[in-house]
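Engineer: Below are the chains, spelled out letter by letter.
There are 2 protein chains.
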Amino acid sequence: MCHPITFKPGTKIDLQKIDPRKVDGDWEKETAYEQIAEYTKRSRELAYKLYAENKRSVLLVLQGMDTAGKDGTIRTVLTGINPQSCQIVPFKQPSSLELDHDFLWRVHMAVPRRGNIGIFNRSHYEDVLVVRVHNLVPKNEWSTRYHRINEFEDLLTDGGVKIVKCFLHISKEEQRERLQARLDKPHKRWKFSKGDLAERKLWDDYQEAYRVALEECNTKHAPWHIIPSDRKWYRNLVVSRLLLDTLEEIDPKFPEEEEGLEDIIVE
Amino acid sequence: MCHPITFKPGTKIDLQKIDPRKVDGDWEKETAYEQIAEYTKRSRELAYKLYAENKRSVLLVLQGMDTAGKDGTIRTVLTGINPQSCQIVPFKQPSSLELDHDFLWRVHMAVPRRGNIGIFNRSHYEDVLVVRVHNLVPKNEWSTRYHRINEFEDLLTDGGVKIVKCFLHISKEEQRERLQARLDKPHKRWKFSKGDLAERKLWDDYQEAYRVALEECNTKHAPWHIIPSDRKWYRNLVVSRLLLDTLEEIDPKFPEEEEGLEDIIVE
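Chains A and B, in that order, are what the protein sequence lines are.
The first sequence: position 49 = 49 (UniProt numbering), numbered continuously.
The second sequence: position 19 = 19 (UniProt numbering), numbered continuously.
So here's chain A without its partners, still in its complex pose (with noise of 0.2 Å):
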């Protein structure tokens, strides 16, 4: 058992009561990382399939505060699926021509092709939490959002894109080891900026943010997964095996051969 946590569409969320050092069953760090090879493999073949179908796609959505391991898991879960079929976006503060239009125009151009998987590294959500926690834009405008996100994801949802949503849930006690930790190593420093003490200040907003957001945006078509990830190989463990468990609920098909290809002789 290595699930993620999940809520009913409509229910009150309290991330308070969600252990972030939650382990399912009686893994550990080494058996964890056998059994993430053993779902890489067979996501790796399933990732082929959905690729030669060309039908449907995959999309991975990954949000959680600063050091919640969003990097860390993508390395993890993805480095063996051949990157043809992989194609990962950096949502980044927004450049000056995506200012100059609504907020999900670079998220729309950004959404995986038939047959890829896609994975999102922040995404629209950050447009309910950053913007949210600094009031980058007015409350009538953020406080749309969710229902706009909704709908948007209603509309990927019925072109073929299964969309995949996990919060890295971490305790602000981790927030603090992980930068501190930063911090002391010299070859980790260059990960480190004085902006990340400002942010981590306002902690208990964001969380509010969070939670908002897990509860608006929590539909039956694009259901948010709590991942609890103060344990680094548990984070990669569950996040691995939703990966695999959405292929293998998709089921992709190779194509249908051309009619007529029985008896050709290539000259």
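By construction, these hints were calculated from the structure, which means they are not laboratory data.
All of these numbers come straight from a predicted model, not from anything done at the bench.
Careful: at least some of the hints might be erroneous.
If several chains are the same, the list does not tell them apart, and a pair holds so long as it fits within one copy or across any two.
Each computed DSS-like pair below joins lysine-lysine, with the alpha-carbon atoms no more than 25 Å apart [said to hold, decoys possible]: (1) Lys162 with Lys8; (2) Lys191 with Lys232; (3) Lys41 with Lys232; (4) Lys55 with Lys188.
With the hints as your guide, set chain B onto chain A.
Structural biologist: Showing chain B alone in chain A's frame:
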């Protein structure tokens, strides 16, 4: 030793005289794959540094006749690298939107961003290959494209993109065997299209178009590498090594840390 075949800019190239079964040294399939695993491991580490550095990028351009193994090369050489730092773009028949622009428009948009390894599965060279062979635009139009390609590649190089162009060189007999194998093995038939046979009839025209593209666009800043590709394992070995050599030459560094981080304690 497992190097591609290269020529000085301006040299005439006779593809007939380059053996697609050529193997440098005494490699065999098994030792080649052991070596590829080792190369991949080293490339993975350098790709991570390239990504962290976020200043330069690599663009691997893959061209070759049908069945030459572009997809197989990507699968073998790139699987094992973190997909977060890979951008793989297949160039198919241009869309009507793409045809409403100059031939380099769609290519320019697909250039890998800083820190990434980009792979073009086919490329702007199709615009002097299939386009030339089928006269899809008048000669006075395609004949200017060699120069335009060289200028375009110079622009990219100047902007920090290291361009590595590979021609996967197979023999006509090898193509025959691979097409027949797709027909004979039911699980491979979905890869076969009757159109492949029509294209095969134009083998000599394509070889001539390749010769001209290889000669005209074999520049100092973006030279062509001819990869003997009748043996799949050797083709994979050579490209795997070429990618590693390219990353080692770039020699990416982790970025500098911010100043004044020494005494920070995270609260």
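Engineer: With reference to the structure, classify each hint as holding or not holding.
Structural biologist: Hints, one by one, checked against the model:
For a Cα distance limit of 25 Å, the shortest separation of lysine 162 from lysine 8 inside one copy, 18 Å, qualifies, whereas the shortest one across copies, 49 Å, does not. Taking the shortest Cα distances, lysine 191 and lysine 232 sit within 25 Å of each other inside one copy (17 Å), while across copies they are farther apart (40 Å). Taking the shortest alpha-carbon separations for lysine 41 and lysine 232, both the intra-copy value of 20 Å and the inter-copy value of 22 Å come in at or below 25 Å. Proximity of lysine 55 and lysine 188 under a CA criterion of 25 Å is satisfied inter-copy only: 18 Å between copies versus 41 Å inside one chain copy.
Hint check: no violations occur; every hint is consistent with the structure.
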